[in-house]
Amino acid sequence: MLRLDKITKIFGGLTALTDVSLEVRKDSITGVIGPNGAGKTTLFNIVTGLYTQTSGDVYLGEKNISRFATESLAALGLVRTFQNVELFGKMTVLENVMVGLHTKSRSGIISCAFKLPGQIKEEKMIAEKARHWLEFTGLIADAPNSANNLPFGKGRILEIARTLAVEPQLILMDEPAAGLNSQETTQLAVLIRKIRESGITVVLVEHDMDLVMDICDSIIVLNLGKKLAAGTPREIQENKAVISAYLGDS
Amino acid sequence: MTKEKREILIFFIFTLAVLITPFFLQGSYFLNVLVFIGINTMLAVGLNLLLGYAGQISLGHAAFFGLGAYISGILTTRFGLDPWFALVIAAVANGALAFVIGFPILKLKGHYLAMATLGFGIIMFIIFNETVAVTGGPSGLSGIPNIQISSLIFDNDLRNYYLIWIITLLVMLFSINLSHSRIGRALRAIADSEVAARVLGVNARVLKVQIFTVSAVISAIAGSLYAHTMTFISPASFGFNFSIELVTMVIIGGLGSIYGSFLGAAILTILPEFLRVLRDFDIIVYGLLLIIMTMYMPGGLISGLTRIAEFIVGKIKSRGARHA
Amino acid sequence: MLKKMLRLILSMAVVGLMAGSAFAAAPIKIGALFSVSGPASFLGEPERNTAEMMVTEINKAGGIKGQKLVLIVYDTQADATKAVQAANKLIKDDKVVAIIGPSTTGDTMAVIPVVEKAGIPLVSCAAGIKITEPTKKWVFKTAQNDALAVARIFDYLKKKKISKIAILTVSDGFGSSGREQLVFQAGKFGIQIISDETYGPKDTDMTAQLTKIRGGAAQAIVCWGTNPGPAVVARNVKQLGMKLPLFMSHGVSSMKFIELAGDAAEGIILPSGRVVVANQLPKNDPQKKALLNYVENYKKHYNVEGDHFGGHAYDAIMLIKGAIERGSDSPAAIRDQLEKTEKFAGIGGTFQYSPQDHAGLTSDAFVLVQIKNKGWTLLK
Amino acid sequence: MDNSRQLFQYILSGLSNGAIYALIGFGFAIIYNATGIINFAQGEFVMLGGMFTIFFLAFFHLPLLPAIILAILFSTIIGIAFERLAIRPLKNATPLSLVIITIGASILLRGIAMLVWGKDTHAVTAFSGNDPLYIAGATILPQHIWIFAITLLIIAANKIFFNYSIVGKAMRACAYNSQAASLVGINVKTMVLLSFVISSAIGSMAGIIIAPLTMTSFDVGIMLGLKGFCAVIIGGMSSGLGTIMGGLLLGLLESLGVGYISASYKDAIAFIILLLILFIRPEGLFRTKETERV
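Chains as they are written, first to last, in this note's numbering: chain A, 1 to 250; chain B, 1 to 324; chain C, 1 to 380; chain D, 1 to 294.
Note that these hints are calculated values from the structure, not bench results. Bear in mind that the values here come from a model prediction, so they are computed numbers and not experimental data. Just to be clear, a hint being listed does not mean it is correct.
[What the hints assert, rightly or not] Below 16 Å or equal to it, Euclidean Cα-Cα: the simulated EDC-like pairs (lysine to aspartate or glutamate) are:
hint, chain 1, residue 1, chain 2, residue 2
1, A, K104, A, D142
2, C, K92, B, E273
3, C, K202, D, D219
4, A, K26, A, E62
5, C, K202, D, D120
Taking the hints into account, I'd like the entire structure generated from these sequences.
Printed below as a string of structure tokens:
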């Protein structure tokens with residue numbers, strides 16, 4: 001599904017990632033873990049085109065997406081969420097999800113401004129689908145509320161709902177459980193499984209080890225910009241190098 | 001759906017009010033003020049698409065207004081073109097210019113964008129001023145013909161009122177429609193978090209340029225109508241000050257609020273009337289208005305006043321409750 | 001500073017009182033459009049001050065045929081849009097019988113269609129030649145044409161056998177209209193313009209333009225602008241050690257220029273209204289009485305020297321006063337009587353309007369003056 | 001008149017004006033580097049410096065030096081008031097609201113200056129006379145020497161302050177990462193205030209030393225402020241040599257532009273350069289490319 005081939009990223013003189021290669025299987029939940037500064041978010045930023053890697057390639061399926069602009073990835077089915085929740089605060093919850101349907105609609109400025117028949121039909125479709133995703137994530141009751149007034153936990157879910165609306169093949173989640181209480185985390189785990197069951201591959205960066213060990217099929221460990229290990233949760237838990245990276249040096 | 005119905009109702013009432021207003025103002029000077037309010041509303045709504053929806057500042061919008069006015073003025077006075085035809089050319093030319101400069105300019109963000117648009121505005125102003133042979137230079141271009149539809153010449157306040165307000169209403173309707181469409185949502189998403197919008201597949205770069213272009217076209221239409229209403233134009237009306245005035249209108253009315261833009265345009269057009277009593281104080285009031293609005297009513301006058309009203313009502317209610 | 005504030009409050013109170021007492025005998029309402037603030041405030045401010053002073057004086061002396069005058073002043077800020085709005089308000093709301101101003105050519109051109117349509121006489125205080133050429137039914141003006149000022153200078157240059165000049169004009173309405181006339185009339189006087197340079201109204205250094213001029217073969221420099229630009233030019237000329245004679249326009253014939261330019265002002269020659277040299281005029285000069293009177297009055301009211309810009313407003317008020325006295329206070333009557341004005345000796349010159357000429361002045365409206373010992377000397 | 005002498009005069013005039021632009025540009029750079037704000041009111045402090053000096057000279061008949069010191073002091077107080085009243089209370093300040101607030105402040109300051117001091121232009125006597133100095137046939141005024149000297153002095157002082165003093169280093173830390181700075185115990189608010197203090201002091205100082213050349217009035221700050229901004233953009237927002245180079249380059253291009261192209265488009269030249277730099281090389285001409293870390 002997603003394959004990274006020898007990704008290296010150098011900021012100024014600072015090497016953030018060195019020759020990181022990894023593969024994410026279709027329909028899996030893959031966790032990316034590692035101590036702070038390991039380069040996890042940098043990796044996400046490279047995959048989603050926000051950073052350009054110094055060398056190496058990114059493949060989505062068979063397609064080399066190394067030089068693709070961020071906005072063109074959604075149409076290919078690759079989306080992400082953010083560590084510090086990037087909601088469209090001044091819009092309603094429903095509208096937030098409707099933005100997710102941007103790539104699923106075509107109307108241009110002219111037909112939007114003059115409300116041409118095709119556009120009206122499309123708007124209906126957008127609203128219906130958006131509601132569907134709110135139901136899917138359990139946020140439907142909040143649909144007309146302003147996104148700014150949403151409690152933090154629901155904000156995280158809304159961000160996920162928004163990416164679901166893109167109908168992606170692959171979602172990258174950047175610390176989806178950060179700031180959630182244990183009950184919310186449990187709900188999140190349920191939701192992530194449900195997403196995977198609907199045929200979407202999930203990659204998540206996470207610090208909450210219980211969650212990672214609980215839901216992930218495979219785990220990749222980064223440390224100091226290098227891939228330290230990869231394997232099933234059990235393999236990782238027993239990996240000496242991983243243990244020392246977490247307990248020893250830091 | 002009720003929200004949409006309410007929206008339609010509000011627009012209907014607003015349109016009705018606009019259409020019947022002249023019957024109460026026969027022969028009054030205020031009709032003339034309303035003509036200018038119409039032009040300013042058009043400009044403010046156009047700028048609001050960029051500033052309020054897409055969150056991109058422009059401190060050079062008077063240049064587009066001026067360019068529209070000058071293209072229309074020059075084509076009609078020097079080449080004898082029909083004003084309508086000139087208006088269309090002005091709109092197309094402005095759109096083309098905005099599209100071309102839009103790409104490099106809108107790559108910039110925040111303060112740099114502000115400065116670049118300001119620079120653009122000043123360069124255009126210098127061009128209006130210095131190309132004397134074409135524009136008439138600082139002393140202006142006079143003798144611009146009125147707009148005409150067969151034998152109906154728009155040469156008095158009443159006729160101009162209807163001409164300008166019908167187009168203004170169309171521009172408002174256009175903008176309201178836009179705000180409730182995928183384009184409007186995408187623009188507002190860009191304003192809130194450009195990176196999140198891009199991740200969802202919104203092509204921010206192109207969309208920003210598109211809305212910049214639309215905004216420039218609206219400004220050009222306003223400029224052209226201004227030229228044919230005034231029948232005289234000079235560079236002084238299209239300088240940096242007017243760009244700031246336009247931004248002030250949008251800020252006062254509230255970012256992203258179409259009726260707010262009307263309110264802002266109306267207030268800023270009428271304000272000098274009240275400030276006349278204050279003589280030279282008006283510039284100070286202006287500066288204060290900008291600062292206070294941005295600090296204490298970032299949502300604009302409508303939402304600011306609503307909040308204050310709610311606060312007062314709340315106070316009264318709670319006091320009433322205590323007494324009871 | 002405090003005094004200024006106090007005066008402001010007082011004058012506002014006076015205006016209020018006047019408005020209050022105006023109900024007594026049906027007053028005559030006259031509108032005024034001046035660019036009191038904005039880039040042309042150097043025109044609008046003395047014009048407003050003068051007009052208000054004149055109206056006070058006229059009312060003190062019993063008004064016009066027993067009717068008080070009421071002056072309604074609006075600030076155009078040298079912005080065409082505001083000028084048109086204000087003109088509409090004067091005509092439709094305030095129902096004035098005549099309008100004086102605007103201060104600038106641009107504002108005047110913007111307002112002309114409005115007054116022409118409404119049939120209200122306008123006596124502009126701006127200088128642009130297009131205002132009265134071609135003649136418009138309702139439009140008159142008091143400011144001397146730039147053409148006349150240019151003619152004065154060229155006449156002098158010809159006498160001094162100077163035939164190659166450099167011009168340096170400001171790129172605003174005043175400068176561009178001056179430049180047009182300089183270029184237009186040069187041929188007629190056999191004068192060759194060697195270099196034609198401009199500067200921006202806010203420029204603070206013109207050495208580059210002057211260096212370029214120095215590189216040419218000009219025998220004199222003519223600079224066309226209003227304060228503070230020309231003062232910078234004068235200083236820069238001195239800084240560069242240039243020995244060419246420097247001519248200025250009537251735009252700087254005020255003490256302010258001498259103050260700003262300092263020593264660099266010495267020797268500069270410029271055309272000016274007679275107001276700055278009022279007491280040097282021969283006794284038989286028809287304007288002398290009006291000029292001395294105006295200068296003294298203005299000094300008394302505002303504690304600064306009156307200049308010839310204020311004089312434009314003086315002339316406008318007095319012309320309208322004369323027209324009303326001869327006829328009635330209806331707009332049409334005022335217009336007809338204005339057109340019949342004969343030999344009115346005002347501040348700007350001796351006015352003689354006719355159906356063909358709504359500017360009313362000849363080139364002797366200007367005199368040439370030279371700056372000597374920080375004062376004006378009449379050049380004969 | 002030979003061409004080389006003419007060229008030399010263009011260069012000298014250009015550099016003299018360029019030094020002025022650079023000096024004004026400094027004020028922008030200091031606030032920007034400490035806070036990320038571009039202070040659109042910076043030009044008004046240039047105006048305030050000149051106007052206050054006139055005020056103390058003419059109204060209180062003070063000698064030049066105390067008048068200058070008082071002028072800088074008063075302008076700085078206004079700078080402090082501006083930061084305290086309009087910048088600090090601003091919650092979740094976006095670039096948009098900051099642009100608008102600083103523009104509002106600039107209009108307000110200009111308006112107040114106009115009311116208090118009137119619309120007239122005023123001349124200030126030069127610090128050491130008006131007799132031109134001849135350098136290889138070209139001339140400058142003694143005041144230009146003052147400008148060069150004070151500009152150099154200010155760069156040197158800046159360099160020392162930001163590189164060697166604790167407070168200066170703290171300010172740089174704030175500019176780099178204000179969150180991290182506050183974590184290590186730097187009072188970010190104080191540093192922001194300090195940057196306004198320094199920049200309004202430098203701005204008014206610039207206004208004072210150029211007043212004898214440019215004269216001063218309530219509206220002199222607009223154009224000078226914009227030119228200073230162009231200088232600082234060319235220089236890449238540095239508070240050191242970059243801005244000096246930017247200012248000098250701008251002055252030179254303007255002067256040569258007037259000399260060999262056209263005076264009518266002198267100001268356009270400045271803004272076209274501004275746009276080109278923003279489009280092509282936003283990090284400025286004299287700065288190596290920043291790391292792209294977001």
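Are the Cα positions of K26/A and E62/A separated by 16 Å at most?
holds (13 Å)
With a cut-off of 16 Å on the C-alpha distance, tell me whether K202/C and D120/D pass.
holds (14 Å)
16 Å Cα cutoff - pair K104/A, D142/A:
violated (23 Å)
Below or equal to 16 Å on CA atoms is what counts here, so check K202/C against D219/D.
Holds. K202/C to D219/D sits at ~9 Å (cutoff 16 Å).
Holds or violated: K92/C with E273/B, Cα cutoff 16 Å?
With Cα atoms ~14 Å apart, K92/C and E273/B stay inside 16 Å; holds.
In this structure, the one hint that does not hold is number 1.
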